[in-house]
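Colleague: Sequence:
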Amino acid sequence: EWVESIEMGEYTVPKTAGVFSLTFREGQVSVGTDCNTMGGTYTIDGNTLKFGPMMSTLMYCEGSQETLFGSMLNEVKSFAFTKKGTLELQYGEGGVATFR
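Residue 4 is where the sequence shown starts when you use our numbering, and the numbers rise one by one after that.
Calculated directly from the structure, the hints in this document are not laboratory data. Treat each hint with caution, since some may be false.
What the hints assert, rightly or not - Using 30 Å as the maximum straight-line C-alpha spacing, the simulated BS3-like pairs for lysine-lysine come out as follows:
no.	residue 1	residue 2
1	Lys53	Lys86
2	Lys87	Lys53
3	Lys53	Lys18
4	Lys86	Lys18
5	Lys87	Lys18
6	Lys80	Lys18
7	Lys80	Lys53
Whenever a hint applies, use it, and build me the whole structure from the sequences.
Modeller: Below you can see the structure in the form of structure tokens.
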């Protein structure tokens with residue numbers, strides 16, 4: 004579940020808690036958002052994480068943060084697990100997205 008992101012001093016949290024999620028299974032990822040669901044592939048090499056092209060349902064939802072979330076995933080470079088058990092995805096120019 005996506006909890007928060009910070010990039011270039013801009014702090015972002017989901018408007019609706021519990022709807023943004025990532026589920027990893029053997030090279031496949033399922034993505035839940037506040038509007039559509041997405042899915043695609045991913046690869047891991049050490050702590051480097053890359054998502055492949057994503058397929059998505061095509062509903063329009065006013066005020067959705069889906070575009071922001073999808074852009075963040077497209078820019079993911081690496082991942083790390085914290086001592087607190089959260090997953091941090093490093094993306095863009097120093098951005099960090101935290102998941103629990």
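Colleague: Please list, smallest to largest, the hint numbers that this structure does not respect.
Modeller: Nothing - there is no hint that the structure violates, so all of them hold.
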